[in-house]
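Colleague: Full structure from sequences and hints, please.
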Amino acid sequence: MSARLVHRYIPNTAPGVRERMLAEIGVASVDEIYEEIPAALRFAGRLDLQAEPRSEADVARELTSILAKNRSTDELLSFLGAGCWPHYAPALVAEVMGRSEFLTAYGGIEVNDHGRFLAVFEYQSMMGDLLEMDVVAAAVYDGTTASGDAIHMASRITGRKELVLPRLMDPDRLSALLNYNGPWFDTVFVDFDPATGQMDLADLAAKVSDRTAAVFLENPTYLGTIETQVQEISRLAHAAGALLIANVNPASLGVLAPPGQYDADIACGDGQPLGLPMSCGGARLGVLACKNEVRFVHTLPMTMVGILPTTVPGERAYTWHALFDRIFYGEREAARSFSGTSSFLNAIGAGVYMALLGPSGMAELGRSNMQKAAYAAARIGALKGVKAPVFAGPHFNEFVVDFAGTGKSAAQVNAALLERGILSGKDVSGEFPALGAASLFCITENHTQSEIDRLVDAIAQVTR
Amino acid sequence: MTHIDEQAAEADRYLEYQAIDTGYRAVRWHEKTLYEQSRPGSTNAILPPVEPGIVALVGDVAAALPAAARRARPPEMPELSEPEILRHYIRCSQMTYGYDSGNSMGLGTCTMKYSPRINEQLAASPKVKALHPLQPEETIQGILEIMYGMRNWLCELGGMDEVTFQPRGGGHGAFTDACMIRAYHHARGDDHRDEIITCAVSHPCNPATASAAGFKVISLYPDEITGELGIDALKAAISDRTAGIMMTAPYDTGVFDSQIAEYARLVHEAGGVVSLDQANFNGVMTRMRAGDLGADMVHFNLHKTFSTPHGSYGPGAGAVAVKKAFRDFLPVPVVEFDGTKYRLNSDLPHTIGKVGTFMGMVPNVVKAYAWVLSMGADGLREASEWAVINNNYLIKKLLEVRGVEISWPNRRKLQEARFSLAKLHDETGVSTTDFNYRLADFGVQTYFESHVPRIVDEPVTPEPTESISKEDVDQFVAAFHHISAEAYSNAEIVKTAPHRSIVHREIHDYENLTQVPFTWRVWKRTHPDG
Amino acid sequence: MSELSGGAEASRRSGAAPARPGGGAPTPARRRIGLIVNPLAGIGGRVGLKGSDGAETVARAFALGAVPMAGARAAETLRALAGAAAGTANGTAADARRGHSAAIELATYPGEMGADVAREAGFDPVVLGSIEAGATTGADTRRAAEALHAWGAELLVFAGGDGTARDVFAAVGGSVPVVGIPAGVKIHSGVFAVNPRRAAELVAEFLAGRAGLEDREVMDIDEELFRAGTVAARLFGYMRMPYARALVQGAKAGNPGGPSTLRDVAFGVLDEIDRDPGAYWILGPGTTVKAVADELGIEKTLLGVDLLHRGRLVAADVNESQLLAFLARKPESVRARLVVTVIGGQGYLFGRGNQQLSPAVIRAIGKAGLVVAATLDKLHALGGPLLVDTGDAECDAYLSGHIKVITGEADRVIWRVTA
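So the protein sequences, as listed, match chains A, B and C.
Residue 463 is where the first sequence ends in numbering that gives the first Met the number 0, and the numbering goes up by one at each step.
Residue 529 is where the second sequence ends in numbering that gives the first Met the number 0, and the numbering goes up by one at each step.
Residue 418 is where the third sequence ends in numbering that gives the first Met the number 0, and the numbering goes up by one at each step.
Hint data in this document are derived by calculation from the structure and do not stem from the laboratory.
Please read all numbers here as calculations on a predicted model, not as lab measurements.
Please note that the accuracy of each hint is not assured.
Said to hold, decoys possible - Simulated restraints, written as ranges between beta carbons of each label pair: (1) B/D508 to C/R29: 14 to 22 Å; (2) C/R334 to B/E426: 48 to 56 Å; (3) C/R274 to B/D508: 19 to 27 Å; (4) B/L343 to A/K160: 34 to 42 Å; (5) B/H526 to A/R419: 53 to 61 Å; (6) A/S28 to B/A324: 34 to 42 Å; (7) A/K160 to B/D508: 31 to 39 Å; (8) B/H526 to A/D452: 48 to 56 Å; (9) B/H526 to C/G303: 50 to 58 Å; (10) C/R274 to B/N409: 36 to 44 Å; (11) B/D160 to A/D452: 45 to 53 Å; (12) A/T186 to B/A186: 14 to 22 Å; (13) C/E119 to B/E510: 33 to 41 Å.
Stated by the list, open to error - Sample of chain A residues facing chain B (criterion: CB under 8 Å; computed from the structure): (14) I9; (15) P52; (16) Y105; (17) V296; (18) H297; (19) A316; (20) G357; (21) S359; (22) E363; (23) M369.
Just so you know, even glycine gets a beta-carbon here, dropped at the ideal spot from N, CA and C.
Modeller: In structure tokens, the structure reads:
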């Protein structure tokens, strides 16, 4: 018999083990077991895949050389945001997320995964404090899924079929929501005030009715504007018997009014800004929270970690609960959510982040983002032919710049800035043509004044 | 003694060492929450400061917000110094059972396997972590090359033509399939096709996602004897409203449905689309391909078969592969290669748009890519063989335990099987949940019982992947022998287990979930004295 | 700060016992359970007789060496119940005295109708009424049920068969929830637990407030006809029985049952009705089909067959000849559809409790015209295929195979049907 493959990840490939185990099973070869697959379906060809395993050193070398073809935001000065933001990621977050137990745990229960559940409970708790909401789901796939879940909840709770969405929304998010919620809702769009980027309250009042399941509010908006009319929007929604869903950026909640403060019923968002490196868009944390009422908690389509007593008085178990099925409040329009392996490790990391910052750090985070963005907008807006910020009113950490006055398109400006080692803002001129040659710039607490000044100088040069 | 006998004797000595540890005690800190350890006023200077020049130009922008838009009260979050925070989380991690901590073969359908650390280190490179998904394509050629490479491999392994990595997990992958099926029929004017057929021994995400996508769901149950769905049953489900079928191969029960290609043919004949859930791919890599079965689309779980870590319950990643005819419906962007450069194409004519943000779970794709590279086709084949050998060895040994039976005993199983403790329960009163709690007392990871619907009574579903050693299986079996013996002689100790774990078993003493605190703020209100 | 493991002291300090919102826990009041044992149930079975009604049959059974089994079954349940209260697997009499008597106040009828097994199991029962030992009849069961209901039983536990269930129902109707311990030959009613141990589990769940209540069929077969080879089962009505509401544990989802699920099934049927609005809709008996009528705002005969057309009740509680007359008179272009559900604990779709839906009716409607509706829990509880026994072998064969069952608004399953 030819030498069998011995692989470092497969303990039983050590010599002699296979024969013993096959003998115990009572077959001469594993092929006998594979006869369960009908002959016609058994693949007998050669796969166009390298046959031999590679050594660890080889794999490391190959991956490193491929990855070297990337130019990361460590090398290029980046001002890209639009749903994935370049905040500072503290060392402790990576340290804790790298702990082998957290990294590789999965489906243990309260008696052997006490630490995992405690860490997630603390994430839920701190997020609840930030949001000022009582019930927080453990983690959903991402902010967009959380929004979709919130919308489904609203339908099940109110029994209504209409959804009021802001017209000012990331088209990619809208696309995902339509996939998820589309079959179940009639979507009504409410306009935004072209001057401020905030919701047009007159239009909202006209569009909300007794058919509305929920008003969906984003704060800050896709284009960075802060919604200052949150109280009025909440009032309008509730007056019509609709729910208010607030989609928020947790990084802003140290300074911005949290959803609980304006009586939002459900809150959602993406927790990536809380210490999770951008990872090319692959670091997501779906935040989903609601009021502590039966009609909400029993439609929350995700696991939550809670505290339960155990058989020993005084002892606490941290343990998760899941309500995967549509139950209790099954309405005709109801639909199912699907949950599964979501984002717990990211939730634990975000928990570490929130613990590190504490209330004062979160306030500082919010203030810093706003100030640095305002500084950038003011300086860019002072350049000839450049309008920034396009919207009047307060912004969080993103704002739109219109280059139309310079005679250049957003794409041209972006290309020229790239040559100077700068990743410019997202070109949104195609998504919102009315805004001109528009780019969405993101400034966070992690940008220094000199980096912002460098951006300003570069824009000045390329638009001359 | 022959060479094999010598090695066997050596292995037996190892078995003694690895045998169940009746002296096991779980690591147990009486660790309070961060809230209970909070010291108001503690701060950590983590963030970079705001430069005076900035403040001079714009002032305190936050304070200028109208009151209604400004946060009125500071959040009541805990305040601790950095080393205290680290200690807390280190202790929490020590009270967590990771794959690396011990023997996790009990978690069936989860495909627990070793997540190679080199892959973690490679994915932690700034060349991955510090990338923005909207960067110009020329600055992320490395990532695109890896995604394209993984795409090629998945097409090969699945017998498919194109791939998307946008789904966040298996359920999300199934949802992507359902959306594409919907879009496919819509494009043909067949909106009346509103039924999807699925089977009860696959993941509940199959019916759930079909329903979320707006379909009615018809579930088929496996036949009591064969464990298969059956042609007659399928024909009763097929109608002119059939949009498609979501199949699984092999099932969670370990049975490979011998008629699966015929089901695909019948559904195609009726005008439906065939989607395959390959969450259970680990036992059949290189042995069968979804495309050969007749599948139009298939989804894989990168955090199962492809070794990316489970992360305490995510983030995982799903990959959906499709046949040429469905390429146009994929979510965008897809990665393409023109011979010199990689590019992102968002111009698919019938694309369903987005199911998640950006490109997908990029770090997970990097890890999966590195793993496939480490394995090679030969290694993948070997891994699958070991998943099957380990499982069949487990079956042989576990059925020697008193009170343990297996579902569909007449069928050979591939990568996993669903056992039943119904006999043990009837004879001793010990349930599978009791049994599982007792298992924790021996330092062995608790097992997965079953997905819904629970058609097997008192279920046990383990899955010894290729990362599991013979000794691990022997240890698992030894624990079962021990606990079974306890059940028959002193059931009390099992019914009140665990006794040596971190905490004792939870009590469900509530009428509805609003009575369970899910945040510290609720706990404080209902427990003002602590 | 945190402490290393230091025993009970440390755990007490680490957190107070969580209090239920609304105040502290008072000493729980004792719960009232009624027990009835039908000592003659199941007598006939072991010696090859079908059923045990009638003094003559009973005498024959004893002559053939029959041994009463209901008492033993009831004892098994009581032991398991005592154990559950004491926190052990199987309670001893001592456990019952210590633990369970503190939690349960048990009332029953004298001697072989309950008091004997209750005392053996360690209970100190309240004994009501009087009997003639060795000569108890259905009338005694009825009197016992009335007495226990008057005494204030929250739950009636009875050991027997369909006849016993029918007697209990005749006495108290649906006013008290019940748990049946199976001890008869013929168990068609849905009010029986699978076995004595499961019966104890259901009682425990009920007492803990963790069980929902579900309507279950009370059925009985005509004895004489049965012995002569003809099965004629009648649906007498419905009593409520606890079912273990699936609790949410860990990541495992549950199969919730109960009223919301019936409504869910009803929505699924309504979807079918909406697609065929011009048809004559024949609605069979049972609570599942009644739920459909409830949604339409129609008063349906729970135990009978009604006829619906364009949302209006056209005829109520029709028999076979009336149905056939309707079907003959209807226009060719108008379809006839039939909504049926599972009747009884055996899983019969046709032949038990809905004989108005005869082979002739079924043939006139056709298999394609059937809409079968049932909760998934009900299907799973069958542990096997759906059954048909129309009295016509050809019709049975026609119905056999696989059929689509509506189990929810958007859910259907394919289930096997056999004769």
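Colleague: None of the hints should be skipped; say for each whether it holds.
Modeller: Evaluated hints:
In this structure the hint that B/D508 and C/R29 lie 14 to 22 Å apart at CB holds, the actual value being about 19 Å. Distance hint check: the CB atoms of C/R334 and B/E426 are about 53 Å apart, consistent with the given range 48 to 56 Å. Taking the beta carbon of each, C/R274 and B/D508 are about 46 Å apart, not inside 19 to 27 Å as hinted. Look at B/L343 against A/K160: about 36 Å separates their beta carbons, and that is inside 34 to 42 Å.
For B/H526 and A/R419, the Cβ-Cβ distance of about 58 Å falls inside the hinted range of 53 to 61 Å, so the restraint holds. A C-beta distance of roughly 38 Å is found between A/S28 and B/A324, which places it inside the suggested range of 34 to 42 Å. At roughly 38 Å, the beta carbons of A/K160 and B/D508 sit within the given window of 31 to 39 Å. The hinted window of 48 to 56 Å between B/H526 and A/D452 holds, with their beta carbons roughly 52 Å apart.
For B/H526 and C/G303, the hinted distance range of 50 to 58 Å is satisfied, since their beta carbons lie about 55 Å from each other. Separation of C/R274 from B/N409 is about 41 Å and conforms to the stated range, judged on CB atoms against 36 to 44 Å. Under the hint 45 to 53 Å, the C-beta atoms of B/D160 and A/D452, about 50 Å apart, fit the expected range. For the hinted restraint 14 to 22 Å between A/T186 and B/A186, the CB-CB distance of approximately 21 Å keeps it satisfied.
Checking the proposed 33 to 41 Å range against C/E119 and B/E510 shows it holds: the Cβ atoms sit about 35 Å from each other. Hint status for A/I9 relative to chain B: holds, with the closest Cβ pair at about 5 Å, below 8 Å. For the restraint placing A/P52 at the interface with chain B, the shortest Cβ-Cβ distance is roughly 4 Å, inside the 8 Å limit, so the hint holds. The criterion of a C-beta within 8 Å of any C-beta in chain B is met by A/Y105, whose closest approach is roughly 4 Å, and the hint holds.
The beta carbon of A/V296 is positioned within 8 Å of a beta carbon in chain B (closest approach about 5 Å), and the interface hint is therefore held. A least Cβ separation of about 6 Å between A/H297 and chain B falls short of the 8 Å threshold, and the interface hint therefore holds. Because the beta carbon of A/A316 sits about 4 Å from the nearest beta carbon in chain B, less than 8 Å, this interface hint is met. A distance limit of 8 Å between C-beta atoms decides the matter here; for A/G357 the minimum to chain B is near 4 Å, and the interface restraint holds.
At a threshold of 8 Å, the smallest CB-CB gap from A/S359 to chain B is about 5 Å, leaving the interface hint in force. At its closest, the beta carbon of A/E363 sits 6 Å from a beta carbon of chain B; the interface hint therefore holds under the 8 Å criterion. A hinted interface residue such as A/M369 counts as satisfied when its beta carbon comes closer than 8 Å to some beta carbon of chain B; here the least separation is about 4 Å, so the hint holds.
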